[in-house]
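Visitor: Listed below, chain by chain, are the residues.
2 protein chains.
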Amino acid sequence: MQCVKALLFDVFGTVVDWRGSLIDELTAFGAAHGVDADWTGLADAWRGAYVPSMERVRRGELPWTNLDALHRAALERLVAASGIRGLGAAELDQLTHAWHRLRPWPDSVPGLTRLKTRHVIATLSNGNVALLVNMAKHAGLPWDMVCAAELFRHYKPDPETYLGAARLLGLAPGEVMMVAAHNADLHAARSCGLKTAFLPRPAEYGPHQVADFTADSDWTVVAADIGDLAQRMGA
Amino acid sequence: MQCVKALLFDVFGTVVDWRGSLIDELTAFGAAHGVDADWTGLADAWRGAYVPSMERVRRGELPWTNLDALHRAALERLVAASGIRGLGAAELDQLTHAWHRLRPWPDSVPGLTRLKTRHVIATLSNGNVALLVNMAKHAGLPWDMVCAAELFRHYKPDPETYLGAARLLGLAPGEVMMVAAHNADLHAARSCGLKTAFLPRPAEYGPHQVADFTADSDWTVVAADIGDLAQRMGA
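Which chain is which? The protein sequence lines are S and D, in order. Going by my numbering, the first sequence opens with residue 1, and the numbers climb by one from there. Going by my numbering, the second sequence opens with residue 1, and the numbers climb by one from there.
Derived from the structure by calculation, the hints contain no laboratory data. Where hints are given, some of them may not hold.
[Claimed, not checked] Output of the computed footprint for chain S on chain D, the stretches with three or more beta carbons under 8 Å from beta carbons of chain S:
| # | region |
| --- | --- |
| 1 | 124-131 |
| 2 | 136-144 |
| 3 | 166-173 |
[Stated by the list, open to error] Partial list, computed: chain S residues near chain D (C-beta under 7 Å):
| # | residue |
| --- | --- |
| 4 | Val129 |
| 5 | Ala130 |
| 6 | Val133 |
| 7 | Asp144 |
| 8 | Met145 |
| 9 | Val146 |
| 10 | Leu151 |
| 11 | Leu168 |
| 12 | Leu169 |
Built from N, CA and C at the ideal position, the CB exists for glycine as well.
Please work from the sequences and hints to get the whole structure.
Guide: Following this line, the structure appears as structure tokens:
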């Protein structure tokens, strides 16, 4: 691990609690606008649209489309399907930007702040740059660099993302460690030659969580959370 | 100026003192290795190679080549032409990385830290990402995002750089302000619709400075330094 110069973090689920944040913001929006709906169900369905939307881009069925645009299109579809009425373009934009305001898990900011003293810390997320920059401002995430799928016009787990981030940082793949709460992300990173760190986020999907409770392979590091990762990395 | 959401900073000369830093590092290298040479002249010639090297890329005579690689090639040529002997690949690499260790002007870190409280602050530099990330770590520059020519495969003043940075930040050109100590950079940014801020760095080129002592147009803001810019932006 001495050779690890930079850590790349998956963001949704690994660093921030997208589900709790979305449920809170959607529920508050409903209360403020007097719109009664299953906001928790909408949050889960919205996240459920994420992988299929990206897959359409990855398969070439859609031209390159960033995550804000995929989120916006999915929300419009889901709102219509749920029979929620009275949301115009401004409201849909406002709700789409809820993804820019997700809150970090309690260990994220202190853990990243420790890691930053000895390593380059960057995102490697399927979120777009504006989303990740706004989120970092809002949540106080102290990134040295924001790497996003958008920079490579490829979504994870395409190898262009992991290798592209290492190249931008001027590092060999083996000098970079991917950190994620999702085993599949780490399998893809390892196949590109990156080091890997797993940390579980068993509450990510709330009652719907079915996977990623534990490491499913011998990752370079398995940590309890980002603070524990900092400890293990000597920060 | 209420509509300015993000400030993009030129880096070499505007934020960091490349000349003083390079002269110090080259001179210290010469002393440590017992190599006698005109290190100040080498620093100036090295920077002198910057624009012609980028122009070859901009004209398509060279395929996309990042600034580290352009710096490395120019150094090798200049060292040979100067008759400096005994520098192998490792030493040339070490000296090329002097550009990753440039020191900020005294007002840069406090001014950026103030601006960051109310605005997104990012680089928009012809330096490559690794150079800018390592420099930020070394110098304590608190960027929210590192935008680099490399992300767009175009060097400034190509419009793809200014417009590409605004697009990545999810902003209209008029919501972004380019900050530079070089009038030419601001002319190009303004022609893309960006706001502009000039601040003079009359010591940038030492005794060789011939331009950019003052603003040559009615830029959106003309400031004394980055601290004064923060003041004028209400930070």
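Visitor: Would you mind marking each hint as holding or not holding in the structure?
Guide: Going down the list of hints, with the structure as the test:
no. : hint    : in the structure
1   : 124-131 : holds (count 4)
2   : 136-144 : holds (count 3)
3   : 166-173 : holds (count 4)
4   : Val129  : holds (4 Å)
5   : Ala130  : holds (3 Å)
6   : Val133  : holds (5 Å)
7   : Asp144  : holds (5 Å)
8   : Met145  : holds (5 Å)
9   : Val146  : holds (5 Å)
10  : Leu151  : holds (6 Å)
11  : Leu168  : holds (4 Å)
12  : Leu169  : holds (5 Å)
The earlier numbered hints are all upheld by this structure, with none contradicted.
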